[in-house]
Amino acid sequence: MPELPEVETLVRGLQPIVGTTIAAVEIHDARLTVSADQLCGASLRDVRRRGKYVLLGLEPHGDLVIHLRMSGRLCLDRSESEIPYTRMTITLDSGDSVYFVNPRRLGTVSLCPEGFDKPLGIEPVTAEFTAVVLEALAHASRTPIKQLLLDQRKIAGIGNIYAAEALWRAGLDPRRRSNSLDGEEISALHAGITSVLSEAIDQLGTTLGNSVSDYRPSGAASGTYQNHLAVYGRENKPCERCGATIRRVIQAGRSTCFCPACQT
DNA sequence: CTTGTACCCTGACCGC
DNA sequence: TGCGGTCAGGGTACAA
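First residue of the first sequence: 1, per this note's numbering; consecutive thereafter.
Be aware that a few hints might be false.
What the hints assert, rightly or not - Have a look at the derived ranges for each label pair, beta carbon to beta carbon:
1. A36 <-> N179: 46 to 52 Å
2. E26 <-> E184: 21 to 27 Å
3. E128 <-> N236: 36 to 42 Å
4. H228 <-> T130: 41 to 47 Å
5. H228 <-> T21: 17 to 23 Å
6. D182 <-> E128: 30 to 36 Å
It should be emphasised that the hints constitute simulated quantities derived from the structure, not laboratory data.
Just so it is clear, CB atoms sit at the ideal spot from N, CA and C, and this is done for glycine as well.
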């Protein structure tokens, strides 16, 4: 569910817990690989994001690593209101609690005592991510460009929604081989990626529905980028750029919506 | 090395 | 109303 903009919004919303100390932990899912003993008494040095991962830096050392996958949520709240599917509750000495809500139990929580070290690709909303970098990644691969964008080892944080949206902005067919893109197309794709991600962050991400598994930012009813989606979830609707009918194809088991007329 | 498939889970939605 | 099939913001462990 959450992609880079949603996780970024979440991490910003969690900043108030920096400097607090973990007072108690309840775990309601045996699949989670952490234990209360490992966390109680640690203080929170920082809260940051890497790709789609949420990292809670612990004092004196280590990171609590959380990935929300398709349906997970992290909520910061002072209320006792019981959210269904809460699999872990971290109570802080400030009185706040962090709730890990994970309906499908696809999300993961783990402790990295030496710090998070997963080899993820470049962060796409930094100055280091240039068209030249993207070109090098694309030219080294013959995989369809949609799948390259989803490969977290190459670029960290893009998911199914923003991959489709970036390709629409760039006017590129998602099935194109990565190494077939020329310089102009790479530049358009770079602009598409960076613009869609930054705009989505400004909109606090995309909230797709009202179920318990739907992402929503803290302190707001929902993100609002869903109101700006050009292709994602718009199969059989008209392309707002050229009027043709949006189509859906399956690539590597995942849907991609695109405009067959103006994405070439 | 790369590419494809099954799988992990649960809920929403659609057609019958 | 109920049932079965399909789909979903993701990643991993395999097989080929």
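So, going through the hints one by one against the coordinates:
Between A36 and N179 the C-beta distance comes to about 49 Å, which sits within the given range of 46 to 52 Å. Hint check: E26 to E184, Cβ distance near 54 Å, so the stated range 21 to 27 Å is violated. The given range of 36 to 42 Å is respected by E128 and N236, whose C-beta atoms sit roughly 39 Å from each other. Evaluation of the 41 to 47 Å hint for H228 and T130 yields a failure: the beta carbon distance comes to about 25 Å.
The given range of 17 to 23 Å is broken by H228 and T21, whose C-beta atoms sit roughly 40 Å from each other. Our hint of 30 to 36 Å for D182 and E128 is violated, since their Cβ atoms are close to 23 Å apart.
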